[in-house]
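> The chain contents come next:
Protein chains: 4
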Amino acid sequence: MPKLLPLLLCLVPATLLAQPQPREEWVLTTRVYGNLLHQRLWLEREGERLRGSLDGDPLEGTSSDGHLHFVVTSKSGARYAYTATPRADGLTGEADWPGTNDPKARVSHPFTARAVPMRPPGPPRHHDFEPTTFSNTFSADLPPVLTLWPGDSVNTRTLDSGGVDEKGVTRALFGNPQTGPFYVGTAADGDTLVVHLKRLRLNRDTADSLDDLVGRAMGPRLAAKAQAQGLGKPVRWKLDRKRGVARPESPSPRMKDFTVPLRPMLGGLAVAPAFGFPPFSTGDSGRFGGNMDFNELVEGNTVYLPVSQPGALLYLGDAHAAQGDGETSQFALETSMDVEFAVDVLPGKSIATPRIESPTHIIALGQAGSLDDALRVATAGLTQWLEQDYGLSLSECAQVLGTSAQYRVANLAGRNVGVAASLEKQRLARLKPLPPP
Amino acid sequence: MPKLLPLLLCLVPATLLAQPQPREEWVLTTRVYGNLLHQRLWLEREGERLRGSLDGDPLEGTSSDGHLHFVVTSKSGARYAYTATPRADGLTGEADWPGTNDPKARVSHPFTARAVPMRPPGPPRHHDFEPTTFSNTFSADLPPVLTLWPGDSVNTRTLDSGGVDEKGVTRALFGNPQTGPFYVGTAADGDTLVVHLKRLRLNRDTADSLDDLVGRAMGPRLAAKAQAQGLGKPVRWKLDRKRGVARPESPSPRMKDFTVPLRPMLGGLAVAPAFGFPPFSTGDSGRFGGNMDFNELVEGNTVYLPVSQPGALLYLGDAHAAQGDGETSQFALETSMDVEFAVDVLPGKSIATPRIESPTHIIALGQAGSLDDALRVATAGLTQWLEQDYGLSLSECAQVLGTSAQYRVANLAGRNVGVAASLEKQRLARLKPLPPP
Amino acid sequence: MPKLLPLLLCLVPATLLAQPQPREEWVLTTRVYGNLLHQRLWLEREGERLRGSLDGDPLEGTSSDGHLHFVVTSKSGARYAYTATPRADGLTGEADWPGTNDPKARVSHPFTARAVPMRPPGPPRHHDFEPTTFSNTFSADLPPVLTLWPGDSVNTRTLDSGGVDEKGVTRALFGNPQTGPFYVGTAADGDTLVVHLKRLRLNRDTADSLDDLVGRAMGPRLAAKAQAQGLGKPVRWKLDRKRGVARPESPSPRMKDFTVPLRPMLGGLAVAPAFGFPPFSTGDSGRFGGNMDFNELVEGNTVYLPVSQPGALLYLGDAHAAQGDGETSQFALETSMDVEFAVDVLPGKSIATPRIESPTHIIALGQAGSLDDALRVATAGLTQWLEQDYGLSLSECAQVLGTSAQYRVANLAGRNVGVAASLEKQRLARLKPLPPP
Amino acid sequence: MPKLLPLLLCLVPATLLAQPQPREEWVLTTRVYGNLLHQRLWLEREGERLRGSLDGDPLEGTSSDGHLHFVVTSKSGARYAYTATPRADGLTGEADWPGTNDPKARVSHPFTARAVPMRPPGPPRHHDFEPTTFSNTFSADLPPVLTLWPGDSVNTRTLDSGGVDEKGVTRALFGNPQTGPFYVGTAADGDTLVVHLKRLRLNRDTADSLDDLVGRAMGPRLAAKAQAQGLGKPVRWKLDRKRGVARPESPSPRMKDFTVPLRPMLGGLAVAPAFGFPPFSTGDSGRFGGNMDFNELVEGNTVYLPVSQPGALLYLGDAHAAQGDGETSQFALETSMDVEFAVDVLPGKSIATPRIESPTHIIALGQAGSLDDALRVATAGLTQWLEQDYGLSLSECAQVLGTSAQYRVANLAGRNVGVAASLEKQRLARLKPLPPP
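Protein sequence lines correspond, in order, to chains A, B, C and D.
Under the numbering used here, the residue at position 383 of the first sequence is numbered 383, and the numbers go up by one with no gaps.
Under the numbering used here, the residue at position 312 of the second sequence is numbered 312, and the numbers go up by one with no gaps.
Under the numbering used here, the residue at position 252 of the third sequence is numbered 252, and the numbers go up by one with no gaps.
Under the numbering used here, the residue at position 203 of the fourth sequence is numbered 203, and the numbers go up by one with no gaps.
Some hints could be false.
Any copy will do: because identical chains look the same in the list, a pair fits if it lies in one copy or spans two.
[Stated by the list, open to error] Below, a list of computed lysine-lysine pairs in the DSS-like style, where the Cα atoms sit at most 30 Å apart:
no., residue 1, residue 2
1, 349, 167
2, 349, 198
3, 198, 225
4, 256, 167
5, 256, 349
6, 104, 167
7, 349, 425
8, 256, 233
9, 198, 256
10, 233, 349
Hints in this document: simulated from the structure, not taken from any laboratory.
Bear in mind the structure is a predicted one, so any value in this text is a computation, not a measurement.
With the sequences and hints as input, model every part of the structure.
Written out as structure tokens, the structure is:
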């Protein structure tokens, strides 16, 4: 799977490569038996001497004859030797690794590297980004569409889950195509990515849904009835942006006055999965976020995701004009969206599961193959939050949860289901959160 | 199990029995191979002639020589013959039934009957009821502590889950002992009992809890940690009724300013189970309600329960001063309570699962052995509500749920877990609920 | 609920009570706020002096003026004082207990006691027992139908699940009526009851079943299809005892040669539940056994159940002529049965979940509200077995299970489901089981 | 994601392309907004005229000036126009499709095609295949390593789950690297692939495992104990191929005579996932098979998998020397393996879930996020089998399952779990299976 490297490398302007900077950030990609391992490389040059680190392990080497030679020493003392040749679009070379079984044996793996664009001086910047490509997977191997730095914000758009944009034009394959990935400078495995949802605004007047009930929500009797009554038909909704409500375009008589308040949300928000996982479907979810379909991903809220790859690689898509808990109709009010978000990075902070913070609540989201399992993940996520940020012991967590926990069903429509465990921030105010580390 | 009959019968004043009324209501209890079948008997006397019904099936007979003879004809035409002799405390006799396998065969079962006190004329009444006995089961076989009629209200008290009253006196066995059962006149199998929670007021200054996490909420890692840190210790809470908050009596330093708002609720509310089920533990739950441990059973809300037995037989107990979703600490803030409630009956209306109505929401509660199963029950309950009371088709229900459903985890602390499916009443206002049948 | 005491007491022959034995065994039943606490009482008399124990706690007292006075001292030093008066059918009196909250307070509870018949001298005995009463609950409060001692065996019969005997006569209420309870002398809380299924023989030529699929086995599509095709109709099976096969009485053409081998089994086998639990439905299951509906309860196998009550109180019923795993048709081939079993007691051995031993396998049965939970119980039961009887560490258990565990679905038809975790005995032979303690 | 096309195309010998055959089979790959749609193309040439089909839809066109022009007409009448230019390694061109939303609009997608090697004349062939590349995903986009035809058999090898071969050399990344994919000529979406496991033979003397219990098998207490005792340590096993047993290399004293019979099996067997799914992890499972970790994938058994892609694309790997049900130790006895298998195709036969046939049983495997869900899938798979191959109605299926179904837990170690529903073939013999269609 060395397939993406040419694309990756072509993003780096030649000028940058021609004039290497004192402290350079690179993404080094080793092809390990056909699998791409992406690592963050820091390089400093002093004459011919090289120093730096690779995913935190120290690095020493030399630059001579147009080639770079460096050795990375792991915590356990193992030595990984790299020889690289600069190309117009980055580095290419061979890595010489110790054997997995026999440490005396040496194994050679090809690698490439692309330079991350320099962080521009000055305050964080605002980007207007018009997407032209969309992804049907949450992948660690796709070239970033834009490089951001902590504090930056972005104005962009998402297609609806069918790949249709705000003008009714199909621009991607159905199945929650995503805008992104955005590379977030400094973010690395073990950090937390912070995504502030600054604005989520509808940009068209229709949404598509179904009159369906997801299989997981139906016992045998209800399932038989749904089948007998032919549920699962398309329902188009009109979005009245002025009044802030949606209504079925062709309602049945009894439903003709029925409206629901618009509450635009993102169904999909994800970082790239960790090494060892192939790309996830944009219909899937997990620790990395994904197609969470949780109606608290709304304007004004902040999402925290555990970073596994250099630059985090942020994806977003599958907006809903409104959605009940669980997305029980399989399709919510699916529509395109104008999205403004800002990013930040919490270095060295590792979280077990996605977190959402609203003005009033902290929310840990568990996603797993059953509600019972998802609830356990959510509970572990919420107790971890209280331990990490509020300094509580597990005994104290238990007292807080027993009196104050709120559990909601977030998602019933995917392979995984979601359960959200939350607490009112007001109740926690007197616990005096720990200062950030 | 004829065990309770003497107790049952002694509740009927002899004077009443001596002067039977024109239209008499009785509870007729047949002992079917050791199991008590309770049925509602209506009797009208015209000279020696008897007319009436037994659980809706028509009855004809005669009264002579101090004995009553009557025959009940079932929908399928089967004949059930009863011969009864009046005693000081009711009736006693033998029922002659067709055989189960061989309809020509006849089988004799003993029965007794107790007269239900006459409904007093005039408007509904208010009762002050000081309980002296408490039940550790939700049973169809216990004698009623009081007879109510639709519209009546009651002031009473509940013990805490350990059996302790507002003065600190142990008055019943631990394990959610209940006040009741209350017999609600006219309620019968297939009806719905309505319980308005008019006032739930704390009557003491302490509650007992644990610093625990229920097993169902913990995955392997959290479970190992909980065990290593010795979770499960008692925590006493002070209830500051003036300020409306609770706080741990001996908090750890970090928790010393932690308070939770008081929100008194009933953990237990139940009707008697249907014929064929033995008494349920007061720690169990199901279609009949039970130890629901759901924090929406608060003052101002109304609970609907499906009636299975003559008089419904209402139980209540296990009050909590406050409780997070799921009662994750196994014990909430357990305390005694002053309770005022009013009852009503919806004749002929059969509901699949308990319902709760708040000023703002309708809520169907599913209770089952896993969250996934409980959610299916809750969903079926909520669609039934929309079908029955709002006249929606299932397609219309699906559109409402998909945009508007709210799912919460109600209970994690019992053998069953609970999931609550709810809708804001405001959203349903434009659907023009059907007039009550 | 003192309801059963008269029945309990009348089982004790007056002669026995008139001539108390040197070392007497009694069942002492205290009515604790309406709940019956049964305890095993040992009494020795030396003149007026009394010694003995109550559920293991030591007892001292005197006998004078026809009254017995004794004090039981608990492990924590609390004193429980009893004053008893002999009656024709046992003892009756008042127990004076320390208060639950305030140990200085004293609370009085009424009690009765019945003498257990003396263990006859000589070798174990064989009993022929023709049942005349049947129970629709697994209850700790029913009078024993027979007293057995370790090593005794019994020939008896069970009704089919509809209450019909081998002659087609309805003798009990439908719903798995049980034969029993059998009191097993010496068995007490914390022991294990051993039930050897020596003979299970069909005693009639028909069985009743359904063409159904239990709800838990069907996803939405299959459920809709089952409903559309009208599944759930009665199917009568002919039992050809000579050839050892069953066949539908009126098969569809394609099924006309279909037969299944007879493999008679007991669906129900249980001991009485522990204090604090009301009687369980004979359709329910749990740690106490119950309606396990597991097709390894066949002739030649041995079942181990954890004892919670004096005498264990063994129930059996709901025989099946044959049953697939899970009893997916809701009714297996339901029939009556001739049953011969023998009992034994493992004093002081406490097991977490029912165990079954076949000539070839050891099997731990987990029963819970979902298969995922039941599997966890079964796994804990099997590792406990390896720890207790084979002296393995948990690390060793993990190696044995990883290579050798067998997991089957036992039951899908009840409120609980069952998962069986088993191991071939042959594989364990080289682990040298520990000598029995 | 056009990434793989160059690789795909280079497999086709130039000579073949220079001399097109009368009836040519091609795999046509359209890049739909970055996603690869693989379809089976049949082409017949008559002078300049082209006829044929694309995934079953008819095709007409012309060949002129070295270019091919053809139009495919779908069932609904939509027209898809293709213009192709031959290259050394296949075809390349543009497809002109109707728009998704607006059928009058036309959308252009690039495509390529590679010719499938001609089926050699004569009887099926046997292949010896020494793998040199391995895949860590089940992907539809990888180039086939070998083309097979129905009836062909293959001798090959698999690495152990850590990527180590029979000589102890690491040849792939850990995580169940697979041999394959094998392209099976004629297999297409909607067919069933048949894989006969003709020989599974160990090829080295060690296997690697753990002394672990998977999280799903442990309740809170067992989890705490496992953590306290440090479970999860590596255990190396010696494989005594002569005696047919495995034993721990360094057993604890009590385990020193413990052996388990060798029963070599394949943990992984899969076809490529359908269009719309990204590659699955080789640790994942589903309808396509995958990392089933089911100990019935042994020599002599046959596996049926539903085909979704042209050529099916068969993968195999992750062999175990022996495995208990559920792979409760997370790692079974992981080892490399010599594998001989033969393939067949059942055209037009669509199955819902993987099937396994042993000499004695038919087995449907359900794989889902919980045991409860997996059991429902397995049950649907088994009833489908009886309907399709034995012509049973659902009522007849229910009678067969109720008396004869066997349910086993197949797998507990993956993201999905597995439940196997099976029937003895002997019982079904008298049902006269339908002749194959």
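> Hint compliance check: list the failing hint numbers for this structure, sorted ascending.
1, 3 and 9
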